[in-house]
Every structure is written in structure tokens, then in C-alpha cells.
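**Q** Sequence:
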Amino acid sequence: MCRKNLLLTLPLFIIISVSYPFIRYSLKPSKFELASNELSLNKPQQEALLNVFYLSGYFNADKLWHDISSFDKTGHPEMVFRSVVKSLNAAGVDKNRYNPALLRKNLFKEEVENMGVQDIKAWILYVTQNLFKREIGQERYELTAESSINQNQHTNEYIKAAEAFNMLNEVLHKKQAYDEAWITGASRKGLIKRIIYYNELAEKVKIKHDTIILTGDRPLWVEIDGLDTVTKGELQKEKPDVDILNLTPRDTHDGKEYMLKLASDNKVTLNEKKFIKYEQSQECPLGLYPGRTYLNYKDIGGKKITEAIMAQDLANKLINKKVIIIDASHKDKKRRVDTVSTGRSAGEFLIKKIFQKEFADQKNFSILLISNNPYIERQEIAIQREINKLLKDNALNKENYVITIEGVGAASSQKNIAVILPELAALITEKYKSNIAEKYTREELMYQTRKPNSTYITAPTIEKPSIMENICQSIQNCADRIIY
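Residue numbers (full-length UniProt numbering): 1 to 484.
Rather than coming from a laboratory, the hints here were simulated on the basis of the structure. Idealized CB from N, CA, C, for every residue including glycine. There may be inaccurate statements among the hints.
Claimed, not checked - So the derived label-pair ranges between C-beta atoms look like this:
1. 283 - 400: 47 to 55 Å
2. 321 - 60: 48 to 56 Å
3. 460 - 230: 48 to 56 Å
4. 28 - 243: 44 to 52 Å
5. 285 - 257: 21 to 29 Å
6. 29 - 243: 40 to 48 Å
7. 257 - 97: 38 to 46 Å
What the hints assert, rightly or not - For lysine to aspartate or glutamate, the following DMTMM-like pairs were computed, each having C-alpha atoms within a straight-line distance of at most 25 Å:
8. 174 - 299
9. 43 - 377
10. 277 - 254
11. 73 - 299
12. 237 - 254
13. 317 - 377
14. 133 - 279
15. 206 - 393
16. 175 - 243
17. 304 - 170
18. 175 - 210
19. 261 - 234
20. 352 - 179
21. 303 - 257
22. 133 - 338
23. 174 - 217
24. 321 - 265
25. 274 - 313
26. 232 - 257
27. 317 - 444
28. 273 - 238
29. 175 - 377
30. 363 - 170
31. 433 - 338
32. 239 - 170
33. 237 - 313
34. 317 - 251
35. 464 - 110
36. 237 - 179
37. 317 - 430
38. 160 - 444
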């Protein structure tokens with residue numbers, strides 16, 4: 001009887017003994033998972049990001065090696081490269097049976113000297129920035145117009161990745177009352193869409209104090225600030241449908257008419273030739289860019305028609321209450337105002353009111369931030385970070401003051417991957433800024449400022465795994481499938 005029991009239990013004992021090290025190894029998180037957790041990426045988002053890297057060709061041997069050798073600070077770029085290739089092989093990248101969950105479990109799990117979580121966070125940002133492709137001053141619509149990425153064969157997969165990051169659907173409000181409403185600035189059509197969404201929200205939630213539009217000194221130009229006939233027709237209705245308002249196409253004829261009217265209303269004098277378009281960057285005055293049609297001002301140093309003036313005009317026409325316009329400037333005069341600079345200005349205005357005791361002894365504030373996807377979370381993170389800095393700079397955090405930003409907005413009006421992929425890169429950047437790897441400067445990693453390895457170097461040759469290594473990897477994959 002004992003012998004029979006032994007014969008029955010022996011195979012089970014052997015299976016457990018053999019599989020235990022693999023199960024134990026699988027339970028250990030990879031450094032990619034640890035780094036992603038610090039960036040507040042959940043498992044579906046981690047796998048979606050890896051899928052984007054895979055579909056975009058960033059795991060191609062030469063591209064992978066180029067990126068690693070361009071930013072590596074471990075002193076062992078070849079070891080890092082071999083580690084990634086091993087993980088890719090385990091995930092089936094070389095056999096057309098790619099499994100992002102297996103890659104998530106294995107990526108950077110193998111120990112490499114000087115390779116820590118900081119390095120992996122930097123790698124994630126560096127590779128994601130390959131998606132950005134926007135030069136300084138370039139607008140999203142210009143990137144869309146010049147890009148062939150819309151015809152990409154992997155469009156549906158990219159869309160699924162964006163859905164994992166909640167970049168496409170409407171983001172609803174969570175509360176019934178907010179202290180202030182902040183509407184993020186945009187081009188004319190984009191801002192109209194956000195104002196209409198705000199008007200709909202104002203019927204459902206209570207805004208206790210100010211409604212503010214976050215804008216600045218961005219100059220208007222014809223190609224981005226004209227309205228198409230569909231939008232103008234929708235605006236004639238008592239309650240325009242925000243879902244009908246597509247952000248493209250834009251109408252240059254309307255753009256010219258609108259800008260001329262704003263100039264007239266604001267008593268801004270123009271030259272006889274009302275518009276000017278620069279062809280070369282060296283021709284452009286500070287803050288202007290080639291390929292755009294601007295108003296041709298008679299007084300170069302005088303008043304200009306800006307996004308802030310446009311925002312006031314739209315608010316007067318579309319919002320039935322007093323609205324405050326934030327007219328921000330970027331500290332770098334070569335760059336236009338952005339989410340960070342306008343959000344900081346709005347935060348400074350709120351803190352000024354706190355010091356003036358406009359809110360008595362109130363210490364907790366909730367701000368409803370109105371935007372639209374695919375920008376909502378990225379803008380929420382950026383502005384919340386600036387607000388937290390302001391609270392700290394003014395020592396209000398020590399007095400338990402809390403200002404919470406909650407982003408809401410309409411669904412993305414178009415599933416355009418030439419917009420979505422750069423926005424995904426921008427979102428990862430904002431998450432990274434909140435969890436910076438101090439070993440690296442952002443300038444080393446960002447698309448617009450980094451200096452990749454300019455010397456083309458073929459990727460190191462990797463020996464094919466032995467039969468025994470393949471067997472062990474197959475067992476490990478089985479363990480990983482059980483765990484994930």
C-alpha cells in the first residue's frame with residue numbers, strides 16, 4: 001500500500017519540485033512592472049503601451065539598440081539590449097505569436113548591473129517619445145495634415161490602446177458641486193466645443209464661484225481659427241450638440257473674416273495688406289511660425305489679437321454669466337502658452353483670492369476642469385502638479401489647504417491616430433514628470449530636446465537560445481500564464 005502511494009505521489013512531487021522555481025520567479029514582478037506602477041499605469045495600460053511599441057516597430061533590433069545606446073547610463077548597453085531581446089523572444093515577438101502579458105511579466109526582470117527602476121522609467125519615456133513627432137511650436141492639426149500615419153495598417157490596435165488609457169470616451173463629473181469651473185483654452189472650434197460642454201454641465205452641477213477660461217497670448221492664425229459651415233449652423237441652435245462639432249475641417253475664408261472683425265472690434269490697426277504669411281522660419285518674428293497666415297499689424301509693438309481676446313468674444317456670445325479670462329504668457333517667449341502656463345496662472349489667481357479671504361476659512365477646493373478627449377487626463381495631471389507646487393511655494397500645504405483638479409469632457413470627436421499617438425506620448429510624459437527618475441534630465445529623454453546617437457550602429461548579434469534554454473523558457477511561460 002505504501003509503495004502504491006509512493007508511486008502515485010512521486011510524479012506529483014517531481015512536478016511540484018520542478019515547477020516551484022518557475023512559479024516563484026513568475027511571482028516576482030519585473031522591473032518594467034515596478035517602473036510602470038510608479039507611473040500609475042495599471043496592467044491593461046502596461047500591455048497596451050507595449051503593444052504600441054511592438055506595432056510601431058520600436059522592438060525591431062536596430063531601433064531597439066539605437067534607443068538603448070542613445071540614453072543608457074548603466075554603462076552596459078549591450079547587456080540591457082540582450083536582456084530586452086530575451087524578454088521579446090519569451091513573448092513570441094520573433095515567432096508572430098506576440099503576447100504582451102508575457103512581455104510585461106519578463107521585461108527587465110533579468111538582473112543587469114546598474115539597471116534599476118529609474119532607468120526603466122527613463123526608457124519608457126524615451127521610447128514613448130518616439131510617438132510624439134511634434135517640433136517646437138507645431139500644432140496637432142499640422143501634424144495630422146502632414147502625417148501618413150492615419151493609413152497605418154494597425155489603426156484598430158492603436159485605437160484599442162487609446163481606449164485602455166481612457167483617451168477616447170466622455171469623462172463624466174463625479175460630484176454635484178464644485179468651487180470653480182476652469183475651461184481649458186484651445187483653437188476657436190475646440191474652445192467652442194468646450195464651452196458648449198460647460199453649458200450642458202452648468203445645468204447639472206453647481207459652480208459656487210468663478211468660471212474661468214484658461215488662455216493666453218497665442219496669436220490667432222487663419223488656418224486654425226476658422227469655422228466650417230457645419231459648426232456655424234450648429235451654433236445657431238438654442239442647444240448645440242457637442243457631439244456634432246467635429247474639430248476638422250477648418251475654413252480659411254471664415255478665419256480671415258473672424259480675425260478682421262476681432263481687429264475692428266478691438267480697434268487694432270492693420271496694414272493695407274491685411275494678412276501676412278511667412279515661408280521661412282528665419283523670416284518670422286518671435287513667436288510666429290512659417291506656413292501660417294497672421295494679421296499684418298501696422299504697429300508691430302502694439303496690441304495683438306490673441307487667444308485671450310478670442311476667448312472673451314466667444315464667452316460673451318455663448319455663456320450667460322460673467323466669465324474671467326486668464327491671459328497667460330509663457331516664460332520662454334519663443335513658445336506659446338500651454339496647459340502648464342495657463343493652469344499656473346489660474347492657480348495663482350485662486351491663491352490670491354484665498355489670501356484675500358474671499359472664501360473665509362475654507363481650505364478644501366474642488367475645481368471642475370473642462371476639456372475634451374484625448375487630452376483630459378494629461379491636462380488634469382499637468383495642472384494638478386502646478387497647483388500642488390503653488391500650495392507648497394505659498395506654504396499653504398502646511399496649513400492643510402487642498403485644491404483638487406477634476407478633469408471632465410466630451411468624447412474624442414475623431415479616432416485619428418496622428419493625434420492620439422502623440423497625445424499618448426504627452427500623457428506618459430505628464431505621468432513621468434510626477435515620478436521623475438533623478439538620474440536623467442527630461443531634456444535627455446524628450447523628443448524635442450534629446451540628442452539621439454547620430455552614428456548608425458548595427459545591433460549586436462544575439463546567439464540563439466539553446467534547446468535547454470527554450471525548454472526552460474517554455475516552462476516559465478506556462479508559469480507566467482498561470483500567474484498573470
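**Q** What hints, given by number in increasing order, does this structure fail?
**A** Failing hints, ascending: 7, 8, 11, 13, 15, 17, 23, 27, 28, 30, 36, 37, 38.
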